[in-house]
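Assemble the dimeric complex from its two separately framed chains, guided by the hints.
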Amino acid sequence: MSASAGMYALRRLRRGWRSGELLVLTLALAVAVAAVGAVDLFTERVRAALAQQTGETLGGDLLYSARQALPDALRSQIDASGVRSLDVVQFPSVVFSDAASELASVKAVADGYPLRGELRTAPDLFAPEQRAAGVPAPGQAWADTRLWQALRLQPGQRVRLGAIEVEIAAVITHEPDRGTGFTDLAPRLLINRADAQASGLLGPGSRAQYSLLVAGARDAVAALAAMPLPEGVRRFSPQDARPEIRSALQRAGRFLDVAILAATLLAAAAVALSARQYGDRLKDEIALLKCLGARQGFLARAMVAQLAVLALAGCGAGGAVAYLAQGALAGLLGSLLQLELPAAPLWPLASAAALGFLMLLGFAAPPMLDARRTPPLRVFQRATVAGGLSHGVWLAAVASAAGLLWLATGDPKLAGTVLVGAGASLLVLALLAALLVRMLAPLRSRVGVSWRFGLGNVARRKRATIVQVTALGLALLALLLVSVVRQDLLRTWQNRLPPETPNQFLINIQQAQVEPLRAFFAERGQPDIQFWPMARGRLVALNDEPVTVDSFDDPETQRWINRDFNLSWTATLNPDNRIVEGQWWGEAGRGEPLLSADEYAIERLNLKLGDRMTLDFAGERISFTVSNFRTVEWDSFRPNFFLLAPPGAVPDTVPRQYLTSFYLPQAQRALLRDLVAQFPNVTALDIGALMNQVRGIVDRIVAALEFIFLFTLAAGLTVLLAAIEGTRAERVRETALLRALGARSTLIARGLVAEYAVLGALAGLVAAVAAQTVAWVLAAQVFEIPYGPRPSLWLIGALSGAALVAGLGWLSLRRVLRTPPRLVLQQGM
Amino acid sequence: MSRSAVVARDVCKEVSSGGASLTILSGVDLDVAAGESVAIVGASGSGKTTLLSLLAGLDLPSRGEIVLDGQSLSPLNEDARASLRAGRVGFVFQSFQLLAGFTALENVMLPAELAGLADARARALDALERVGLAARVSHYPHQLSGGEQQRVAIARAYCGQPRILFADEPTGNLDTATGARIIELLFEMNAAEGTTLVLVTHDAGLARRCGRTVTLREGRLE
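Just so you know, the protein sequences line up as chains R and S, in that order.
Its first residue numbered 1, the first sequence is counted upward by one per residue in my numbering.
Its first residue numbered 1001, the second sequence is counted upward by one per residue in my numbering.
Think of the hints as simulated: they come from the structure by calculation, not from any bench.
No residue lacks a Cβ here, since even glycine has one placed at the ideal position from N, Cα and C.
If a hint is listed, it holds; no wrong ones were tucked in.
Per the computed footprint, the stretches of chain S lying under chain R, defined by three or more beta-carbons under 8 Å from a beta-carbon of chain R, are: (1) 1056-1066; (2) 1095-1106.
List of simulated lysine to any residue pairs, SDA-like, C-alpha gap at most 20 Å: (3) K283/R - Q1094/S; (4) K283/R - E1106/S; (5) K283/R - A1100/S; (6) K413/R - A424/R; (7) K608/R - D598/R; (8) K283/R - S1083/S; (9) K283/R - R15/R.
Extracted from the complex, chain S is given alone in its bound form (with noise of 0.2 Å):
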């Protein structure tokens, strides 16, 4: 068995809403390999994107324990679990935040940049070449299409070359053949980089290219 990328080990989160206590996720035990590529289905609310920030480490559960890339992230503080994700976690959002002042070289960089890396600069030429943007690197976010936005995105995710890649929903703000190429650039990437790959998606075609799907309802995994 290859080692873990992803672990939620009896995971809750609990938010208070006017004074009562509001239960978002229950009990969820999630085993992603390294190398894998998991989609988290579900309906509106069931948790999906919760799970996601919770397994990137953008938030801690209120029970149990993570343990992204070997390392658990409960006795991590904000500033130790931002220090984890430089570098080898990368993300593709649903309205793809693209810094708007920034330029797609910019803005592919920055997680080169944030992790340290010397040849940044040459690796997000890689990288929006490698997407098919190698002529609109110096356009910003708001000169490019939704689906040029998207693959800025991509290649923002990759320059850094992430071991895990989150994803919310990557083709959810794009029409039906704009997706579909996105879903293939996703997975060639995905392919070549040897990168896990965790998605949150609505998309069944998109659920059916991951290796497994997992379905949340009202908080639990089935």
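For reference, chain R alone in the conformation it holds in the complex (with noise of 0.2 Å):
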């Protein structure tokens, strides 16, 4: 870089800055930067944090989990490859003090626990932790602190937990392995092996969940984790201890990728629209240059060096913002993940930076270098040279742009899909554009004379005015979107659980048991309740073929078909239920060997109507015939079932029991106490908590979605500036001009807002539409929940539009009509 070509270029960005045409470019190129940075730190953190878990956060070397209790075999297994092992038992019950009642997710463990990390626990709430000196011994047990805080406990206090009482003897405050499972998001009660079974809470049916932890040398562990395993138990190592995480992470990075490809897809309209001015201005600069000598080598060596120090600056700041703000987001979402997230490393913002610089490569290099082909004599002529881009400018714009979609998100196909409906959208919002100006060329005569002249420019530039109002209409479309996303999309998604939503399950209810139950509840008031049998049967055949995990390449097919399948009976179905294909058998098909499939089951098994499923209920087969297909509403709280039977297809001497929930008021929860003392193997869960914690972590998607929505914002309203910027140069020409002929300031000011707010309304009413046809989209495709047209949206659209430009315009402009014009006519370049 020769000296002169690098001090020009310095001093030519010191000017754009200072004058702000080089202002918005750099802020967009910062704003993308910043948005892809923060998530990728963010997605990064959580990652190693992932990739780091190692035996503690298993509570042992390997773990072997299993609904039953675990084979003989394995254990023999296991025992003769000299490692250490430990039972543990965990399931969810209520737990009972004086004064309250909670949900818990109840362990049972014995001495040795756990094999690794440690056990911490501290004597009462809020006092100094130490290092448990083993596990609580029988007759006792330790809480966590959301149990202590949801029960009021006090140390030594005394609970009810199904058929026994435990003394609360320690608050836990620090558990190695908080497993897997919807379990885990209630608080945790650990007790003795010893007063598990005495509970009276692992009967037949129970949610117990049976594990043996397992440590030893490496070797000894690698050839445990080889080896083949019985039917119906998992085996997990560290690495696989957080699958929700990752799944999660997953979900939500959809969400994110889509704020992320709209910051970015407006950032780089932004850039390239700033950087298109910015080349037509130095356009007159160049000429001049070549007329005092400076050849293309210098003229190419000065603007690599403004893109050079542009990308410096735009990416620095943006990564700058991106570290702040994914501190931000680890604030919004981590303790959500229960993960002690490392330090934000620094190389996911160099590919953040990379995103950047291909931005700058794609969008301003073009028409900055294009500017080098200005021919000196526009010193003298400058209408007669002014030209248009080249083929090559477009040409790297539409890869610059395929690129970044594709470096922002790392999905090609989902980049492939947004490119082209950007494409298709930006065609519709000149196409709409052109229309409306059109549609205004008849009002200039009934009009008066500010409006007549705001009306007249925006006919007159009628090209730049279509370029414009669908730039505007951009931008305003994503500050539209967020809006709707976040109103009416999340909004409903939130809330679509009515409050008379049932709040409590049980489940493990015995034959025996479903009269009595009837009985207390009608004592109670509640005379209504419904009872669903429910069955376990295996798969054993499909079509009379044999099936075995082995039928199925699919890891989650065979995962599923691993288990017991819960099947229920019914003559009616329950509104969360919609038959999709087939007949519903209603009382005419009692006692008939039917089969209706939920779309997950057809899915897993590729089921046709009339395919024949033969289940082994305990030994004994039954052989379905497919005869209609469901959709179900699986978050409506209610029991529903991936198969369902008519009554009397599943003959009586099958072993079942039922399950039931219903809403019970938070006034009413003693009725709880009163049903577990009476049925102390019937299992309640109160939905209800889980309900609160699901709300809880779907208000923390949303507030972190939010957040990254305002980086969409930001990139929205710097492609506005962008756009307002591109004709303020002629704008302050025209306005020094009318002037100097005697136009008074406020009738040009006057005419000026009615040009932007023409504008903007123009605008906003492409965006709304764009915005509504948006969500209606994002409301079938990704929400799943109905939506229809608000035509009030229009309105606002066009309102805020005309508001927001005018608005802007104004500020753009208020100091040049300041200015006296003979100042403006005199600066020229």
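Here it is as structure tokens:
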């Protein structure tokens, strides 16, 4: 880089930043880098935290887990390998104190627990913690902080757990293996293994999870990890410890991707608009420099130097914001994930910076480098050599947009879809804008002088107006979309559970208990309670072909059919079920061996109507014919089943249990205490607490999404600014000329505001139509909720567009209106 | 006879406008000797500025040949012509053509920097002192009056010590008194540097100060 090209570049940049012509470009670049950087940094921290999981997170080097006691054959294999092992049982149950009750995840452990890591406890809430010297003695229990608070526990207090009472002896401050499954959302009660059986909560049909922790020499553990597993047993290594976080990240990732893609595309549009304007302004200078003897090499070096400094400034500022923003994201989501996040590494910022460089290369470099083609003759003949952008510029922009989207999401398919979608939206926006501009023309003769001046400008610069309305429309689309997604979609999604949604589940009800339970509820004013029968069967044949785990390649299907299926029977279909294919049997199906399958089962087993499924119910085999397909609203918080049969299809000889769900107001919670005392084997699940937790999680995720949407919003504003700044120079000259010709400032100001208001209203209208379309697609495809058109949004779009654009336009030009016209006309370049 | 600084031989310039060909210059022959000062005069639209831009190599003629400082321009591409101008040719424009974001000093330094001269700053300071603007080196163009801006432009034109100076209506944007002072300055510097001066003007007074006046009428030299 020659010193003079570098010096020229620095001086030019100084001027660009001072006058504001490069500010929008730098800002847009920083916004894109910040959005991508923040999310990349945060996900990298979570990934690193997951990768660092050691035996401590599992409480051992391996964990075997099953719904029943682990097979003896497996135990002898493990014992023979020379490793240490320890039994753990975990089950959900409601714990009662004098004052309250709470659904807890109960864990029963024996001496020696944990095999890896350590338990830490404190004698009372907020007392200093210490390493636990063992496990709770029989008759004692330790509870975590949440359970202490929920039950307002005191040291030494006795609580009821099923058929027994235990004494609360300590607060668990650190438990190495907060395992997996929905029970983990519930607070913890740790008891001695010896008390588990006595509680009566491990009876037939219990929801207990039996685990075996293993720790030992690396070779022995590796050999065990490679051994085949008996049916129904799952094995976890420390790296598998938190699958729910991986899947949650994957799901949240899609939403974040959409927000990031929108921010990136908008920022790219702002960069492209600003760079094109900057390139146009450079043309006069380049012509003069050529007159003064500047060669292409000098100009190229000067442009590259400018781009490099712009990249450093934009990526630097964006990187700094990204670093702060990922901290905010970690604050919003970190505690939710219950992960100790390592410090943020810096390298993900490199890929965000690469995105910034690519954005500059694709969108800013072409129009700036293209300005080098300006002939020196332009110093004399400005108008005759204006020229448009070369095809190369457009090609570079499209190629970069594809690259950017791919870099931002790492998903070529998603990037391609968004690119085509964005191209189509731009085209539609432009067509709508052209139509609206045409419709405005007849209005000119019917309005006052200020408006005539404003409308005249809109009509005179037809092409520029269409480009500007499209750009403004794009920006307003982003702004409106953020509000639509937030207000209409996320809130609807959050509030879709009506207030009387069942909040209590009773499971593990034996057949003989159904009538006594019905009487129990009738006495307490709830006579209409519905009990669902349920039998557990294993799929053994499909269309009379034997089925094993090896019959399926898909790991999810393998896992699914490795478990018992819960089958229920009924003649009436619940309102949260809908038949999509075939006929519901109704009363006519009674006793027929028919089956209704839910979409998940259809997809996993590739079922067709008429297929025969043979299920083994504890040695009794029954073949069913699939007669209809259903969709099920699984999040309705009512009992639902993958498989349903008509009443009487499953003979009475098949063992069964019942379950029910009901709504219990907070004030009547004492009912649960009586219920558990009277029916100790029945497990009560307080779904209310779970629902609140689910709502809490959704709230946090929505907050994180809204936070990322702020970047989309910022990117939208940069486009808005770029679009307004685009015609600023021309307006400055015109304004000065009009004032020189005697037009009063107020007239010009009103005319300009009128013009900007019209531009904004057009853009807002176009954006509202587009936002509604996108929201409708999102509602149907992503959130799966109904969403109808909202005409008020059109009005809001047009009015807010007019106000926003007129306001920003006024801010951008108000100084010019106060400057003496002589100065403006004299300044020239 | 001294060496020629600029030579035009049978120069024609045609441009297409709305599908039709428009002749701006036709059969122009002009030979400007080194150190000579020549004024090109003529009515508006007679082709004066086009001729000036061709002589300076800003554009190529449709036919004919231009030789600038002993070098024929026809075989040179735009880059080579820019290279030829660097350090040899200076310009003064009617609208001053100063870079708005650059200080007076930075504007004046520019041609010397483009010519790769190591002492660009010292030269620029010297040139600004000679045009009487030593106190305004850090001012930006919008902080200077029209006359001061044109003085900066003259300092810039002479900073690279060019052999040939092209001026396009240098007093066209100035009032009579300021214009007169600018003319004095221009010829003073021209005499001191021994520069060849080719200028386009409507100003009869300015034309009279030149050693020779040529008149363009409808694209032809009279």
